[in-house]
Amino acid sequence: MKRREFLSNTIPAAVAMPALLNGFSFTAHSKSENALGWLLGQTTDTDHVFVLIQLGGGNDGLNMVIPLDLYANYYNARTNVAIPQSQVLRLDGTDKSGLHPAMTGLQNMYNEGKMSIVQSVGYENPNFSHFRATDIWNTGDTRTNRNERVHTGWMGRYLENEFPGYPDAYPSADMPDPLAIQISSVPTLTVQGEIYSMGLSITNPEKVYTFDNPFFDYPLNSVPANKELKFLRVISQKTKIYSDLIRAAYQRASTMATYPTNNSLADQLKIVARLIKGGLKTRVYTVTIGGFDTHKKQVNASDTTTGMHAKLMKDLSDGISAFQNDLELMQLNDRVMGMTFSEFGRRIKSNASLGTDHGAAAPLLMFGTHAKKGILGTSPGIPADIQVVNNIPFQYDFRSVYASVLEQWFCVKQPALDQMLLKNYQSLPLVEGGPCGLPETPDDNNNAADKLILKMWPSPYTVSATIQFSTTGGHTLIQQIDSIGRVVKVLTNQDYAAGTYNVDIYNDGLPSGVYFIRLQNKSLQKVLTVVKMPQ
Amino acid sequence: MDRRDFFKRARRTAGAKTQKRTNMFSGLAPYAGSWTANEVMHLLKRTMFGAKKADIDYFLTLTPDAAIDELLNNIAAPTPPVRDYGLIPDEFGVMWDDVGVPQGQTWVNDPNMASNPDIRGTINALRVQSLRKWWAGLIINQGRSIQEKMIMFWHHHFSVKEGEVENAQFLYRHHALLRANVMGNFKDLVKEVTIDPAMLVHLNGYVNTKQAPDENYARELQELFTVGRGQDSLYTEDDVIAAARVLTGWRINMDPLSSYFDVSAHDTGPKTFSSFYNNTTIPGSGNDNTELDALVNMIFNSPETARFICRKLYRWFVYYQIDDATEQDVIIPMATVLESNNYDVKPALAVLFKSEHFFDAINQACYIKTPFDMVVGTLREFNVSFPAYNNYTTGYPLFWSLYSSAADMQQELFQPPDVSGWPSYYQDPMYFELWVNSNSLPRRADFTDALVNDAVIDVRAFANYSSNPADPNQLVNDVTGLLLRYPLSDNSKTYVKTHFLTNNTTNDSIWTNAWNSNNNTVINNSLKEMFKFLMNLPEFHLC
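Each protein sequence line maps, in turn, to chains A and R.
If you read the first sequence in the working numbering, its first letter stands for residue 1, the second for the next number, and so on.
If you read the second sequence in the working numbering, its first letter stands for residue 1, the second for the next number, and so on.
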């Protein structure tokens, strides 16, 4: 299938729909069903499950996946929190990156081909507020203008498209179980639909709720009060129905692996495995582990491989590997994949409090039997003369990861895929051996990307410069990213025939400093560091 | 019909009635409508936790203006929390005393540096517990004042949490600052909170130095506390960096607890801001307050600051949806009142609560109760009596259960979920609806069921609020009128009556005879089942 042009200027009309519906009158619900109906709203027959692990607070990606090939610059930038080179966990088949020493479980999973790393995942205008950045990751919408932004989650849009009419028409024969389950006290935006959350929040799968509301009328003539009453009635009714289903499923199954104790992530994943084993057809589970906002005391001064972040990395690694083991013993591992994400990575340069401040792009982890083994992308560029403001430029847009998961794990087709992600994004090689997978592997992809030409002269430049690049043909994008991680120029964005081309920079009006030139050609990408000198 | 259309229609209706609306929908013009139990309950349930029958009756004797003025009055400052714990075991089971403070005395001035170092952590945890009990005790014992709900607003606004601060003395001092300024000056409060020790820890101000700037507080000061992220709030990333430089050098002294300015850690260079702040330059200064004052003045010179806090107050007290009409006719005029009163909050709140907009039918019964509305509001409405807030022997343990019940439903004192407070007041599109989900709804049901099953509430006494409890129709009408802001239809009331009071028949005398013959078994069992049912209704979650 030929993908439509990336960053197409024409956003299809339906994309604007969720924003137009201000969610006020619940009569809008039927309208929204119609609006989404045209998105090929046919339920896909799949038994696949996806697990999202949110690392709340902003995970320090540089201390999770340590750049061994740039170790000197890494160490220089964050001497007081750096993981000693000798203690970094090595990964089979690569000398470029290794894992935090507490992550032995995920090291084994990587070496067994059950875990992959996507380097420097981010977006064009990194936001450093927890609140806003979390919304961006959950909605998949980076627009700065509030009035343009959607209020739905990326998974919510997928589920709403698959199961139009939720919650009124559910449970149904096609979907007799919750669409998504969030192991949390409060629903998050990830699974938010236009009016309702597509997910059910639970913390205790055995909770009993029996109230059966006999009243359906609306004696008040008040739009807001009726909206809230309708909401409460639906929640009450669905809580009763779904809590019975969840409890039954949970009690049908039992845990088969040994999970670590004192590990909230493991506790949550243990519930997820039991619910899947218990027969729920729920497609999406979300779990959360907090505490990643490590401004201070991220490491112990005496030993940087210990401390708060080490405990988090251990919990993450032990939790995921116990979950994978459980799924294998339950013989469910072919059906389940997952990924980690965090609202942002942390600053390259550490601060004086043994911590790191809010940053931009960071690696994320894909796990499961069908995760493609390997590391997609290169180690992030770390300047030798590190400044406080320097951030990691993104190599992969987070929505490319989402698009690839929906495409390769849930077999979502165009044009629905572009609708769910609000635009067209790169397809990345993330899933192996699935029913809708791609033939590439991360290594093939990296090798092909390495072969792309990307040069600039003169370098450094002052007023004018020429960038030479090659393309394998098709859509090709070149962005210029500043040291904070923001895209400040788009140098080209169009289809090319295979070949080598030049683009010129002249009097670009940018302040002097470090920049990154990011070339993207279909699923390939490459980043070049350049410097602009003062005139 | 959307909200705006509805407003327009309501305006026309109101205009026809009062003959004085000319060109506005129900904006901030003074409310001149009727003053019945309906309006009083609306006002009380929004500004206090629950509307007690006695309070409803009391405020009905006042004019609306007098009622609101009384609610907005400050209540005398309470005495601080006290040590309610005994000896403390160490890890070997040896018992130690908190030598800084005797039992029954306040710990808020003691820096916890005198006791055995091994148990200081436990002492601190016990003091935090006593602080939570104390505040819950003040909330359940609230007088006829907006005070406790408004302190909770400031707590939501500044969102200082125990998990970050980890020091009871700091937390109390911060809380006392909010309490002292609860109906005071917003600008002064922002300035004081900026250098408050708890906030200096919470958002890293105390490690923000010239040598290693930390932007955490400078960012949240603008995004969350003052100008906000509204459509016209166009401050830049460079403004965050410049504000952080202004705020370098503030440190904390532990004994006595205070903050101070360390000029050697302060960046004395000039700081230049973007066009959003009129390209203001704050010159470097070695004086502790000069730059801070200039920064706060600059931020408060932006009209966005008043608008932002008014939107937040609106969402706290009225409803979460702010459409264009509300922005133009409520938020902006309210912000003007705030600015023209030099950021004193009381006149701005007064104009909001006294407005026809606040009492507009469209704004009634649409607020989803918070966990504290559910826990404290229900207990107060059933007139459950509690010991005084300063009674640490019998009161504190009960206050702890209030704190725990609300925390269980996702509203924990001194521990808002993140730096932006509780998502129910900012998270689009669900807002209030986030309080009630498949996780929290069963907990709310467990709580109200337990109140009845464990005889915490006296169902008989509540039935006696009815003008004629022997008449099942009157009884259902009166108790649902008091408990539910969203009314039941006549059919639903009939359902309640026949289902719970007249043994599934149409024979009203079954109940009347039981009541008049004082048949305790029948009366109590019927009322218990009826009240459990009523408090499980979705309508009960609205106020």
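Fair warning: there could be bad hints in the mix.
Claimed, not checked - When the alpha-carbon atoms are kept at most 30 Å apart in a straight line, the in silico DSSO-like pairs for lysine-lysine are as follows:
#1 R/LYS312 <-> A/LYS230
#2 A/LYS296 <-> R/LYS191
#3 A/LYS297 <-> R/LYS52
#4 R/LYS187 <-> R/LYS312
#5 R/LYS210 <-> A/LYS297
#6 R/LYS52 <-> A/LYS230
#7 R/LYS532 <-> A/LYS207
#8 R/LYS210 <-> A/LYS296
#9 A/LYS230 <-> R/LYS493
#10 R/LYS493 <-> A/LYS240
#11 R/LYS53 <-> A/LYS230
#12 A/LYS230 <-> R/LYS532
#13 R/LYS528 <-> A/LYS230
#14 A/LYS296 <-> A/LYS281
#15 A/LYS240 <-> R/LYS532
#16 A/LYS297 <-> A/LYS314
#17 A/LYS240 <-> R/LYS210
#18 R/LYS191 <-> A/LYS230
#19 A/LYS240 <-> R/LYS528
#20 A/LYS230 <-> A/LYS96
#21 R/LYS532 <-> R/LYS497
#22 A/LYS207 <-> R/LYS528
#23 A/LYS373 <-> A/LYS297
#24 R/LYS493 <-> R/LYS52
In short, the hints are calculated from the structure, not lab data.
R/LYS187 paired with R/LYS312 [C-alpha distance capped at 30 Å]: holds, 15 Å
Given hint A/LYS230 paired with R/LYS53 - CA-CA distance at most 30 Å: holds, 28 Å
Proposed proximity, A/LYS230 with R/LYS52 (alpha carbon, max 30 Å): holds, 27 Å
Pair hint outcome, R/LYS532 versus A/LYS207 [Cα-Cα no greater than 30 Å]: holds, 19 Å
Given pair status - R/LYS191, A/LYS296, alpha carbons within 30 Å: Given that 30 Å is the threshold and the Cα spacing comes to 24 Å, the pair holds.
A/LYS297 paired with R/LYS52 [C-alpha distance capped at 30 Å]: violated, 48 Å
Straight-line alpha-carbon gap A/LYS296 to A/LYS281, limit 30 Å: Violated, at roughly 42 Å.
Satisfaction of hint between A/LYS297 and A/LYS373, Cα-Cα up to 30 Å: Status violated; Cα separation ~33 Å.
R/LYS210 paired with A/LYS297 [C-alpha distance capped at 30 Å]: holds, 20 Å
Hint consistency between A/LYS230 and R/LYS493 [alpha-carbon to alpha-carbon, up to 30 Å]: holds, 19 Å
Restraint status (C-alpha distance of A/LYS240 to R/LYS528 at most 30 Å): Holds, at roughly 22 Å.
Given pair status - A/LYS296, R/LYS210, alpha carbons within 30 Å: Holds, at roughly 17 Å.
Hints 3, 14, 17, 18, 20 and 23 from the earlier list are contradicted by this structure; the remaining hints agree with it.
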